[in-house]
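**Student:** Between the sequences and the hints, there should be enough to build the whole structure, so can you do that?
Going down the list, the sequences are from chains A and B. Numbering follows my numbering, with no gaps: position 534 of the first sequence is 526. Numbering follows my numbering, with no gaps: position 607 of the second sequence is 599.
Hints listed in this document are in silico derivations from the structure and should not be mistaken for laboratory results. Predicted model only: the values in this text are computed from it and were never measured. A virtual CB, placed ideally from N, CA and C, is assigned to each residue, including glycine. You may find that some hints are simply not true.
Just so you have them, the derived chain A footprint on chain B, three or more residues with Cβ under 8 Å [as the list claims (entries may be wrong)]:
1. 105 to 119
2. 226 to 236
Distance condition first, Cα-Cα at most 27 Å in a straight line; then the derived DSS-like pairs of lysine-lysine [as the list claims (entries may be wrong)]:
3. A:Lys174 to A:Lys117
4. B:Lys126 to B:Lys167
5. B:Lys206 to A:Lys643
6. B:Lys643 to A:Lys206
7. B:Lys235 to B:Lys98
8. B:Lys207 to A:Lys244
9. B:Lys206 to A:Lys244
10. A:Lys117 to A:Lys244
11. B:Lys685 to B:Lys521
12. B:Lys174 to B:Lys475
13. B:Lys126 to B:Lys139
14. A:Lys206 to B:Lys244
15. B:Lys662 to B:Lys167
16. B:Lys207 to B:Lys235
17. B:Lys475 to A:Lys207
18. B:Lys662 to A:Lys207
19. B:Lys244 to A:Lys643
20. B:Lys59 to B:Lys117
21. A:Lys643 to B:Lys174
22. A:Lys59 to A:Lys(-5)
23. A:Lys244 to B:Lys244
24. B:Lys643 to A:Lys244
25. B:Lys317 to B:Lys76
26. B:Lys86 to B:Lys235
27. A:Lys312 to A:Lys98
2 protein chains.
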Amino acid sequence: MGKCLNHPERETSYICMKHNIYLCEECLECRDPEIYCKFRSSCPIYFISKKGFEKSETEDKTESIDKECTVVFEPGCHTVKVLKGTTLLEASKKADIYINASCNGKGSCGKCKLIMESGSVDSDKTALLSDREKERGYLLACQSRVKEDTVVRIPEETIEKKLKTAGMGEAATKKLSGLVDKIDPILQRVSLELDLPTLQDTVSDLDRLRRELKKLGYDTSRMGTNIRVIRQITNAVRDDHFKVVASVLFRKCSSEIVDVSPSAHNHKKFLGMAIDLGTTSIVVYIVDMADGSVLSAASGHNSQAACGDDVINRIVCSEKDGVGKLKKMAISTINNLTTMALASINTDYKQIDNIAISGNTIMTHLLLGIDPRYIRREPYIPTASEFPVIQAGEIGLKAAPYAGLFVMPGPASYVGGDIVAGVLYTGFHRSRELTLFIDIGTNGEIVLGNNEFLMTAACSAGPAFEGGGIRWGMRAEEGAIEKISLDPENFKPEYVTIDNKLARGICGSGMIDLLSEMLLKGVIGQDGKFRIEPDHPRMVMFNGELAFIIEYAEHIDSEEDIIFTQSDIRSLILSKAAVFAGFNILLEQVGMDFSSIEQMIITGGFGQYLDIEKAITIGLLPDIEREKFRYMGNSSIAGAYMALLSGRFRKEAMQISNSMTYLDFSSSHKFMEEFTRAQFLPHTDLKLFPGVKLITSISSQS
Amino acid sequence: MGKCLNHPERETSYICMKHNIYLCEECLECRDPEIYCKFRSSCPIYFISKKGFEKSETEDKTESIDKECTVVFEPGCHTVKVLKGTTLLEASKKADIYINASCNGKGSCGKCKLIMESGSVDSDKTALLSDREKERGYLLACQSRVKEDTVVRIPEETIEKKLKTAGMGEAATKKLSGLVDKIDPILQRVSLELDLPTLQDTVSDLDRLRRELKKLGYDTSRMGTNIRVIRQITNAVRDDHFKVVASVLFRKCSSEIVDVSPSAHNHKKFLGMAIDLGTTSIVVYIVDMADGSVLSAASGHNSQAACGDDVINRIVCSEKDGVGKLKKMAISTINNLTTMALASINTDYKQIDNIAISGNTIMTHLLLGIDPRYIRREPYIPTASEFPVIQAGEIGLKAAPYAGLFVMPGPASYVGGDIVAGVLYTGFHRSRELTLFIDIGTNGEIVLGNNEFLMTAACSAGPAFEGGGIRWGMRAEEGAIEKISLDPENFKPEYVTIDNKLARGICGSGMIDLLSEMLLKGVIGQDGKFRIEPDHPRMVMFNGELAFIIEYAEHIDSEEDIIFTQSDIRSLILSKAAVFAGFNILLEQVGMDFSSIEQMIITGGFGQYLDIEKAITIGLLPDIEREKFRYMGNSSIAGAYMALLSGRFRKEAMQISNSMTYLDFSSSHKFMEEFTRAQFLPHTDLKLFPGVKLITSISSQS
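**Tutor:** Structure, rendered in structure tokens:
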């Protein structure tokens, strides 16, 4: 325990692992660097650890050992037995039910709402539920400890919605066609017809196989095998008269026969799988390895989200519960998506022989069961940045157990394989054009460069663009407001939701639209503060602060109005400021400014709905010629797809990763200055945004 | 069922898998080619399968399900629960008790004697127990089915005796010193002091390790690793301030980091293990990898012997009970020997990082869990003749789990890694001298060649030289008669036993001595038939045939006289004839005869007691200049030792295996002719044995 830096009267057990500063819970939630740690927005290591946490955990267990309770989650009647004292969030994890829990059970995000149907729980007080919600039996899963047999209902807003997947296969095929001209996967299947053994030709089964492979031009001198395959060969060659299919896995400088099956049993398709392993969502493509077409696709939430929205919380969770738990969560999400994607093409998972996966460094470590703990401790060292080719069975992925798995390399702790995949796909590392690349997610990873150099950095954009820390923020799911404009007279919003469902919240692109509209229509000033009267019909007080009403509860069959609070605006401004400061510092490092940029590439799941003009208006993107911008959508999955199919691209990915120079912003004072200057809409220095014509810059000053 | 080839009045369920001939049990026991299968002695595939065997097995189980009985084996009070109807032999296997069972429970060898102490069993009738034995409660374990709770005693003669091991380490060091000049094991340990990571040097732990290895001159471009090691690295590097010991395993054309441990925890020795995996006995050497000295050694019986003496019975057993069972038996024997050998030097098995193992092709297949079934079916194809470097943990050997295991390659189904090891050790493949090499065991493997060619063949010598099928035959264990001579007047034997214990039987060298003495002293003629009167004090009738009394029961505290029967003589003659015919055919193939031989090397556990002169007298070895003979003892373990220490020798072993030309005798009519001609003492053609002066050749003809 120690005294809070900002509130010395408060004892707290939370400590910043990097700067060794104690902070109370209030400061912890806050993202304003003036209030607590000035490094926070540039520092990807903003995690605050609760000292002595593990001890209290043990105590809890001791006191609750006496009684086991049954918890039923409706709809679906998912039943699980837990010890008395277990939180409903933990119970849901045990029951394999996905509940949104952005803050990893800290009780600060208010997303894990449940409705009590019968039984009772001990619930901690929370300001995150409205009185109306409390009356109707709402509670927060992470703050409610089971006392007896209990039935709870997962309300509509807490149930996981499917991400948009319809037509993804066709769309992907269209997007990706022509990218790969020569298909040479990491695992190749070779049909062989061996000479029948005779008394005159008694070489062993294995040598017979190798002899045939050699005849076909394979370099058998560098081709090994393993004991499992040798055990297989005996019967495999004899089951179909010495006609077999051998699967050869190509590693860095050698190859290995990893499977031998009788030809007769081998009518199977030759499928591959490209995976984008995102912190928030995971995308799976099933690819026909013969022609590269994407046969089907699926995407869904990474079930690790139950351990928190951001990578730091995931690391903390892995330190507490073991890496194995997080590994299992990722694997099970992928396996579920694989099953979904395969079901639509009526195919068995054993037909998948090749896999390529891209994810950030932390996701990759967790997937492979590698301890990521030192990634969040200075000097932020990952265990590995390149990975050997492994086999699906080694980590439990649903595929042929011998399937080759290529893991996209990542150059640094906070710039990972997803960014390398992005560069690979967008291809600017092959061009002379100076390119500024950004992938916007929880971390904003930036790459600046061309065919001569690649510099990269990460800035902690925070989860705001993905809905984290925003009262009605949500991911780009069904019912999310993705486009919005305000009536200049009465500020009445006109909006579009994803799949045209009733509005359930607002996603990143919607927030950028809203912020830009509010700024342009004079609802807020350049400092982000509300400029219209508090008694305006669209304004309301919420938890002691002003908020803008986006939609009234009665229009959307909800308990509450959808609002956008002053804090929400502040969070969004801090996020965009971190990204913009990142651009600036990276350019400065190479002695350039925005005018040198010949191309600006924006990627990320977020990017596909982004209105560039409005993003410039709020100062998230630089005010450069609009034709220089390119939206590239999810470039991580596209890069994984390329690596899946092509040895040339796998090699290129290695080269990209190796040639990237990583800049660490977390101890840069210049970054802090830039960050502070960018906390204005669009910026304190309006000369940087000549194209942004602010009506409000006049009206608010008048 | 079918009619016996030789006794059409008899229905039999035994069929030769190769020649598709039905044979009754009597024919089955007999090794005389005139009586049944003329190919048998040249055919390594002499196994006779009992059709419908598995079905009756199932029936047995059904009827015995109702009752469980306790069987206690004394001495030692080993207790096991089995179902009623289980044989005592099966019960002993379940209790992990070693009982000699040469014939794999067929009831034909009479070696698995037990004494009933209490309880009762259903015993089949057997002629293999004398009336005196039956009176005293003797029974055959394989022919006795448990009816109720039973206590049996393992008599002295059935208990496994330790093979001679005292001083083996020192003797081996003396024998092997100087063989290897440069030690470069397959797994190398490298001590590394990594640069400490800083914000300026943030490469991953793995890259940091590889960077240091590269500095030390290792070719890291061909060095891979695996996911298990990557998981290890995170904490391994940090446990002792980035000082680690990396273990690098060198494969054919690449290397792999297989372990990383903190230096501080790595005070361990660097040990290796050489293993001779014999069908009958297994020898283990513990080797100091720093200087090549043999620190300790142990040898013992391969516990697979419970499944029969010869490799064919082992294959049959693996087909019936699964390869896994035989694999486990071999592994557990090796692990027990390892434990014994390490106990004497007070060392833990985890210090063993390197292993080299040599065994015949069947033993190797079984050890690695590879199905050997096609080895005994025409055209006799092994699954593999070369094996990848595997890790001890993959097959459960007691050693560091990542320890590198080099398995000696073997060129053919019936010429295996033990013979390659023998050639490697004796080194004649490097010399111009034309050499005839023989390893005498159950199979006699012969190699003819020099630095220009290597031809090899196997002939089924049969288990006689190892005591199999001989009434009082035994292995070279404590109490075995290993040297013997006969008084020319009264034929009273004078003999020496191993370790000077009371005589318990006669081993191979003793039998050769005895046969030679009987021939030279006129007890038998050149045809092997007894020439002295049946009423001579040293003659007795046994089971309807004449036998020579080697020792009277009362002199050795036994129930029975030690005798040598007419059948025993016949078996021995057939065995030696098969070997000699093998020599002849092999020479003929290259257009040579015995006079071309410049060197004759004899190896095998058997060889160390062999009296060359007497072996020539009976026609087992050719009558060439005595100075051309070299006894090389156990060359299999010596070759394994060399491969353990030296990369050059591992490569040489591969070359030997690849350059061997294998001749299959089993369909050779010439072999049959030679075999028939050699069934005389020493041979039908005495011109081949000018040095053998037979007193009896006069006396028997007079």
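**Student:** Holds or violated: B:Lys643 and A:Lys206, Cα atoms, limit 27 Å.
**Tutor:** holds, 21 Å
**Student:** Compare the distance between the alpha carbons of B:Lys126 and B:Lys167 with 27 Å, and conclude whether the hinted pair is satisfied.
**Tutor:** violated, 48 Å
**Student:** Assess, step by step, whether the Cα of B:Lys206 is no farther than 27 Å from the Cα of A:Lys643, and give holds or violated.
**Tutor:** holds, 21 Å
**Student:** Does the alpha-carbon distance linking B:Lys662 and B:Lys167 stay inside the 27 Å limit?
**Tutor:** Violated: B:Lys662 and B:Lys167 sit about 40 Å apart, past 27 Å.
**Student:** Taking 27 Å as the top limit, are the C-alpha atoms of B:Lys643 and A:Lys244 close enough?
**Tutor:** Holds. B:Lys643 to A:Lys244 sits at ~23 Å (cutoff 27 Å).
**Student:** Checking one constraint from the list: CA of A:Lys643 to CA of B:Lys174, max 27 Å. Satisfied?
**Tutor:** At roughly 38 Å apart (the allowed maximum being 27 Å), B:Lys174 and A:Lys643 break the hint.
**Student:** Is A:Lys206 within 27 Å of B:Lys244, Cα to Cα?
**Tutor:** Satisfied, since the Cα-Cα distance of roughly 17 Å is no more than 27 Å.
**Student:** Need the status of pair B:Lys662, A:Lys207: alpha-carbon distance at most 27 Å?
**Tutor:** violated, 36 Å
**Student:** With a Cβ-Cβ cutoff of 8 Å, does the region 226 to 236 of chain B contain at least three residues near chain A?
**Tutor:** Satisfied; 3 residues make the cut.
**Student:** Take a quick look at whether B:Lys207 and B:Lys235 sit within 27 Å of each other, Cα to Cα.
**Tutor:** holds, 15 Å
**Student:** Between A:Lys244 and B:Lys244, does the CA-CA distance stay at or below 27 Å?
**Tutor:** Given pair A:Lys244, B:Lys244 holds - Cα atoms ~14 Å apart, limit 27 Å.
**Student:** Given the hinted pair B:Lys174 and B:Lys475, is their alpha-carbon gap at most 27 Å?
**Tutor:** Between B:Lys174 and B:Lys475 the Cα gap is close to 40 Å, so the pair fails against 27 Å, i.e. violated.
Hints 1, 3, 4, 7, 10, 12, 15, 17, 18, 21, 22, 26 from the list above are not met by this structure, while the remaining hints are.
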